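**Student:** Just so you know, the sequences run in chain order A and B.
In this text, residue positions in the first sequence follow my numbering: the first is 1, and each later residue adds one.
In this text, residue positions in the second sequence follow my numbering: the first is 1001, and each later residue adds one.
A portion of the hints provided could be inaccurate.
What the hints assert, rightly or not - Label pairs and their in silico Cβ distance ranges: (1) Gly-1025/B x Leu-312/A: 54 to 64 Å; (2) Phe-1028/B x Gly-305/A: 45 to 55 Å; (3) Lys-1017/B x Phe-280/A: 23 to 33 Å; (4) Arg-111/A x Pro-1053/B: 19 to 29 Å.
Stated by the list, open to error - The calculated lysine-lysine pairs, modelled on BS3-like cross-linking and capped at a C-alpha distance of 30 Å, are: (5) Lys-279/A x Lys-26/A; (6) Lys-146/A x Lys-57/A; (7) Lys-1008/B x Lys-279/A; (8) Lys-25/A x Lys-232/A; (9) Lys-104/A x Lys-232/A; (10) Lys-232/A x Lys-279/A; (11) Lys-548/A x Lys-1026/B; (12) Lys-279/A x Lys-1026/B; (13) Lys-1016/B x Lys-279/A; (14) Lys-338/A x Lys-548/A; (15) Lys-1052/B x Lys-144/A; (16) Lys-104/A x Lys-201/A; (17) Lys-545/A x Lys-1026/B; (18) Lys-232/A x Lys-1017/B; (19) Lys-1016/B x Lys-232/A; (20) Lys-1026/B x Lys-232/A; (21) Lys-1011/B x Lys-279/A; (22) Lys-201/A x Lys-232/A; (23) Lys-1026/B x Lys-1011/B; (24) Lys-1016/B x Lys-1004/B; (25) Lys-335/A x Lys-545/A; (26) Lys-342/A x Lys-26/A; (27) Lys-100/A x Lys-201/A; (28) Lys-25/A x Lys-480/A; (29) Lys-1017/B x Lys-279/A.
These are calculated hints, taken from the structure and not from any lab test.
Quick caveat, the model's predicted, so the values are computed rather than measured.
Glycine residues also receive a C-beta, built at the ideal position from the N, C-alpha and C atoms.
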Amino acid sequence: MAEQVQKQPEYVVDKAKWEWSELYKKEDWWAIWLGFIILAVGLLIFLPRPPADVDQKLSQAQAIKQAEEARTGKAFETIEWHQANNTMSGLRARDQGYGKTIAKWLSTPGRWASNPAEALIRTESRAAEIRSNAQPAYAEAQEKTKAALATAQAAQAAAAAANFENEGLNKQAEAAISQWRQARSSESSARSRANTQPYNKIPYLIGIMVIFLLFFSVGTRFMDISTSNFVKGFAFVFLLAIVAEIIGGNTTLRSWGFGPLIWAILGGMLIANTVGTPKFIQDAAQTEYFIKTGLVLLGAEILFGKILAIGLPGIFIAWVVTPTVLVLTFIFGQKVIKIPSKTLNITVSADMCVCGVSAAIATAAACRATKEELTIALGMSMLFTAVMMIALPTFIVAVGMHPVLGGAWIGGTIDSTGAVVAAGAFLGETGMFVAATIKMIQNVMIGVIAFGVAVYWCARVDCVPGQQVSKMEIWYRFPKFVLGFILASIVFSAMLEAMGPRGDVMLDQGVLRGFTRPLREWFFILAFASIGLTSNFREMARHFKGGKPVILYVCGQSLNLILTLTMAYIMFFIVFPGITETL
Amino acid sequence: MDQKHFLKDWKSDMLKKQRFSSRMGKFFVGLAMIWMFMFMVLPWAQTLPVIKPIIDIISEADIDANQYFYTQSEETYQAGSRIQFRLEQARK
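Using the sequences and the hints given, assemble the complete structure.
**Tutor:** Rendered as structure tokens:
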């Protein structure tokens, strides 16, 4: 407590007070205003411009799916069902002309294997070389898809002749359809390579840098930030973010999950702790400003309708085990390991048991953790995620665990979505689907966690011992950006539910994935470059004394592994075995 | 007196230069470590028998293990509709 008081004295005053000027002087409110402007602009761009005949196409596809469901009378996805499903998921507002233009402006540097310059520029001659090399593979993939489709049609016809009552024939047909889908997926990848186009991202990157500079510098005029220094230093912060994006775009690092965020921090720290960060760059490294604006946008992606995606088993695994592990790990950190900083303890605990990077960012901002504490949590998360992404599926396959159980275990314990999908893919399609869905439900939880942590910190942690905090006092101290985060979540969840299947096309695959998500990714990478540029190795080393954060992570993750596996087994094999059979 | 000042300035300049060289040295050592991690350590690790099968699957399926939220993952979007269908069928 002494450390908390020493670190943030402004939060323990007995009588904080509300001033209306906070609405334009505090970064929390600026984050809300800027976030809401972006969300409103996104809605104005996308909602009036749906893909042509969207309602007709959706209803046709739905009619086909229903007819196929009635024909088979069971959880059997026919070829026609998959084709209709592909039509539905292929309807995306972001694939319209204007959506592609926005994507071009908001895109980050591309992928590369041996030449980093390819992340920024691909010449016509290089594109032609890739196209010509890819042509034979594409032609071969097309032939394979045709053959696989013929086999799948024959197998499905045999199953249909038996009215889908013969389990043996059904299994054969399902296997043939699965192979056809894999062949289609391979053909799609081959087609992308065969249609490789040249690009030059540099003009767009300069353009987006200028737009971000203007966008954020407006707020600096009202807050206690030197606008001239912000303008001078922003290009450097942006440049570091670009370098981190280029490093993170390397195919090897991408496979391991060591993405741009960690390189932004490491690159910034390398500069700050060796050659030093000049003052004018420090003024542009506005971590909180960028991160809170990004978090308001992230709120819109927290869609509460998703928590029912896998029924009650998912809710028990993600929404009962996760908070239980979070609370127990936090108590363990305080009482047993005696971590001196409560903010470090809760950030590591949330990062480890909820969903890695995004949970760490939201929790750290809600409890006002230091930059170094967030860096420690993220660094450990990325390292342990890389290890678990390899170790967990290897173990599951070695012991012959059921893919539904294994998938649920992976989804509930591995931190980041990408690593969950990668580990789940090792178990096959069902394992991957279950793992990804459980992780999605867990992702939605960060809204509740961030809100809970913010309230708990205001009411219980940031107080002098024995202090009774009134409701108004909690309001004064509350990190206001969390309100924007929660409000964005509620509004977009309600809109998505109200719009039905059209909501997926226009909101999920339009406003969110086509506009606010790329912006949110940009704001986070700017925030992480800022964290690196203003972080101190010595301060981090102080937190690492005795290896306490690592012990906390390992013990918490061990508990998480045991409880998640136990709950997944109870839910999928004792309480709802029917669901397991269906999946 | 002048000589004393000159020596003092000279020492101070030398110290600054030494500090600058030391900082630049650390900076380049850091860069070299990142380079080694990217181009030597991880590519070698990918060839280990325990790790190779998973990395092969990631490469073949073109999975981006960097994604930290479900809206970044195309696979999660597909998974949602498939699981939903199967659960609806199970309820019938």
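**Student:** Each hint needs a verdict: does it hold in this structure or not?
**Tutor:** We went through each hint and held it up to the structure:
{"no.": "1", "hint": "Gly-1025/B x Leu-312/A: 54 to 64 Å", "verdict": "59 Å, holds"}
{"no.": "2", "hint": "Phe-1028/B x Gly-305/A: 45 to 55 Å", "verdict": "51 Å, holds"}
{"no.": "3", "hint": "Lys-1017/B x Phe-280/A: 23 to 33 Å", "verdict": "24 Å, holds"}
{"no.": "4", "hint": "Arg-111/A x Pro-1053/B: 19 to 29 Å", "verdict": "22 Å, holds"}
{"no.": "5", "hint": "Lys-279/A x Lys-26/A", "verdict": "22 Å, holds"}
{"no.": "6", "hint": "Lys-146/A x Lys-57/A", "verdict": "25 Å, holds"}
{"no.": "7", "hint": "Lys-1008/B x Lys-279/A", "verdict": "28 Å, holds"}
{"no.": "8", "hint": "Lys-25/A x Lys-232/A", "verdict": "22 Å, holds"}
{"no.": "9", "hint": "Lys-104/A x Lys-232/A", "verdict": "26 Å, holds"}
{"no.": "10", "hint": "Lys-232/A x Lys-279/A", "verdict": "11 Å, holds"}
{"no.": "11", "hint": "Lys-548/A x Lys-1026/B", "verdict": "27 Å, holds"}
{"no.": "12", "hint": "Lys-279/A x Lys-1026/B", "verdict": "21 Å, holds"}
{"no.": "13", "hint": "Lys-1016/B x Lys-279/A", "verdict": "19 Å, holds"}
{"no.": "14", "hint": "Lys-338/A x Lys-548/A", "verdict": "8 Å, holds"}
{"no.": "15", "hint": "Lys-1052/B x Lys-144/A", "verdict": "26 Å, holds"}
{"no.": "16", "hint": "Lys-104/A x Lys-201/A", "verdict": "8 Å, holds"}
{"no.": "17", "hint": "Lys-545/A x Lys-1026/B", "verdict": "23 Å, holds"}
{"no.": "18", "hint": "Lys-232/A x Lys-1017/B", "verdict": "27 Å, holds"}
{"no.": "19", "hint": "Lys-1016/B x Lys-232/A", "verdict": "26 Å, holds"}
{"no.": "20", "hint": "Lys-1026/B x Lys-232/A", "verdict": "26 Å, holds"}
{"no.": "21", "hint": "Lys-1011/B x Lys-279/A", "verdict": "27 Å, holds"}
{"no.": "22", "hint": "Lys-201/A x Lys-232/A", "verdict": "23 Å, holds"}
{"no.": "23", "hint": "Lys-1026/B x Lys-1011/B", "verdict": "22 Å, holds"}
{"no.": "24", "hint": "Lys-1016/B x Lys-1004/B", "verdict": "18 Å, holds"}
{"no.": "25", "hint": "Lys-335/A x Lys-545/A", "verdict": "17 Å, holds"}
{"no.": "26", "hint": "Lys-342/A x Lys-26/A", "verdict": "25 Å, holds"}
{"no.": "27", "hint": "Lys-100/A x Lys-201/A", "verdict": "14 Å, holds"}
{"no.": "28", "hint": "Lys-25/A x Lys-480/A", "verdict": "12 Å, holds"}
{"no.": "29", "hint": "Lys-1017/B x Lys-279/A", "verdict": "21 Å, holds"}
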